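K.L.:
Residue-level listing of the chains:
2 protein chains.
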Amino acid sequence: MNLLLLKPDQITQQIAAVDGRQLEHLLGVQRVAVGDSVRVGVIDGLMGQGIIKTLSAEQATLEISLDTPPPSATPVRLILALPRPKMLRRTLQSVTAMGVKEIYLVNSSRVEKSFWQSPFLQPEALEEHMILGLEQARDTLMPKLYMRKRFKPFVEDELGGIIQGSRALVAHPVTEVPCPINCDSAVTLAIGPEGGFIPYEVELLSSVGFEAVHLGPRILRVEVAVPALISRLFPA
Amino acid sequence: MNLLLLKPDQITQQIAAVDGRQLEHLLGVQRVAVGDSVRVGVIDGLMGQGIIKTLSAEQATLEISLDTPPPSATPVRLILALPRPKMLRRTLQSVTAMGVKEIYLVNSSRVEKSFWQSPFLQPEALEEHMILGLEQARDTLMPKLYMRKRFKPFVEDELGGIIQGSRALVAHPVTEVPCPINCDSAVTLAIGPEGGFIPYEVELLSSVGFEAVHLGPRILRVEVAVPALISRLFPA
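Protein chains in written order, with the numbering used here: chain H, 19 to 254; chain R, 19 to 254.
It is worth saying that the hints were derived from the structure and are not from the lab. Each hint should be verified, as a subset may be incorrect.
Derived Cβ-Cβ restraints for the label pairs, each shown as a range [said to hold, decoys possible]:
#1 Tyr164/H with Ala91/R: 38 to 44 Å
#2 Glu212/H with Ile33/R: 49 to 55 Å
#3 Glu130/R with Ser203/H: 54 to 60 Å
Covered, in the sense of this in silico footprint (three residues per stretch, anywhere, with C-beta under 8 Å from a C-beta of chain H), are these stretches of chain R [what the hints assert, rightly or not]:
#4 43-51
#5 191-200
#6 203-211
#7 218-227
#8 243-249
Only a predicted model underlies this, so the values are computations on that prediction, with no experimental measurement involved. Note that CB positions come from ideal geometry on N, CA and C, so glycine has one too.
Work out the full structure, taking the sequences as your base and the hints as a guide.
P.N.:
See the structure below:
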């Protein structure tokens with residue numbers, strides 16, 4: 019937790035109240051005392067400092083002053099075939115930490131149906147992992163997350179419009195075209211499930227404007243491929 | 019498992035014997051039958067095809083033919099402050115999958131002493147995770163892994179010699195110099211623990227020839243920062 023990220027309803031007149039996981043971290047890891055200053059931010063708002071005013075096992079209060087905007091967003095919109103729950107948690111944290119602000123979780127032929135039943139897909143659970151990513155990276159701007167359980171109508175009816183103004187790429191190991199480096203426009207990046215998108219899905223994506231690109235001869239797990247691709251597209 | 023990676027002692031006269039984890043994967047995930055062909059490779063050797071000759075709950079045998087060299091190594095030598103065991107396992111798998119062939123696990127002021135006691139640091143456990151990385155990426159060349167529990171003598175007595183012929187970089191969030199993109203020489207890359215190397219350690223690394231570089235305004239977890247850095251240095 020490199021930033022204590024507050025929800026607006028935790029704050030009343032410059033005083034923030036902190037409990038639960040965040041309090042545990044302040045006490046157990048950062049080992050703060052009254053009078054200490056910690057980095058704070060408000061979801062979708064500014065960042066700054068908080069001074070610990072009171073501290074107990076149940077609650078801490080901090081007097082906050084906010085003056086710094088969050089870092090620029092990374093201009094990548096991610097279209098991600100729903101990974102297995104553990105991998106989704108890690109990937110969601112890491113892409114949030116890398117500054118991605120728009121994520122579509124989509125179905126695909128090789129996505130196991132059971133993944134859509136995971137309790138982790140509850141909005142609160144998803145939000146919690148995005149908060150962890152923001153706290154890690156020192157950012158405040160919450161990604162927008164969408165779920166699309168029907169691949170074909172999503173691609174045919176929605177995706178062609180969504181990608182307007184961006185370069186649309188689909189990671190596909192068997193193509194001959196390497197993923198571009200250091201892009202100067204926004205990118206929509208589609209990443210398949212373990213085993214990849216099936217050829218029909220790649221064709222459908224191509225039909226609405228996606229270019230298939232590869233990441234070299236090595237096959238990487240989704241949680242490694244996504245940071246590697248984003249870092250290569252936008253080496254901030 | 020995108021490649022069945024065999025140890026030389028599993029093979030007798032073109033016939034490989036497979037059990038344990040690899041057999042479970044063949045049966046449970048790949049659902050092979052006698053006569054099927056799977057991708058195989060031999061540790062530190064060639065890759066090719068294996069045809070399933072016999073199959074039982076205890077063992078599979080495959081007739082193998084090997085003709086393809088593994089992909090080129092990624093010219094990164096990694097100096098990694100020992101991460102916590104879970105993160106080490108994932109990072110070791112992912113850097114192996116990304117083609118790193120030389121890894122030093124080192125101590126640092128912010129490495130918790132208990133991490134060095136982890137049973138995961140047994141050679142067999144480390145090797146198992148590197149094998150998983152090679153199987154993921156379709157590679158055969160095992161990384162060389164070294165452990166150095168004393169930072170100062172390692173840096174002063176060894177590291178200056180080790181980095182000869184490479185560009186030596188240490189990831190350090192507070193520097194002004196961005197990490198280079200698309201390097202044309204080999205790189206030695208030093209990555210600190212959670213919280214980073216302390217200033218004294220960065221100075222010591224600088225004194226033997228390391229340049230401090232940053233990865234943008236966001237602070238990433240080691241398991242995300244490492245793939246991001248490698249991908250940016252060598253976008254294969």
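K.L.:
Against the structure, test the hints numbered earlier, and report the numbers of the ones violated in rising order.
P.N.:
Violated hints: 2, 3, 4, 6, 7; rest satisfied.
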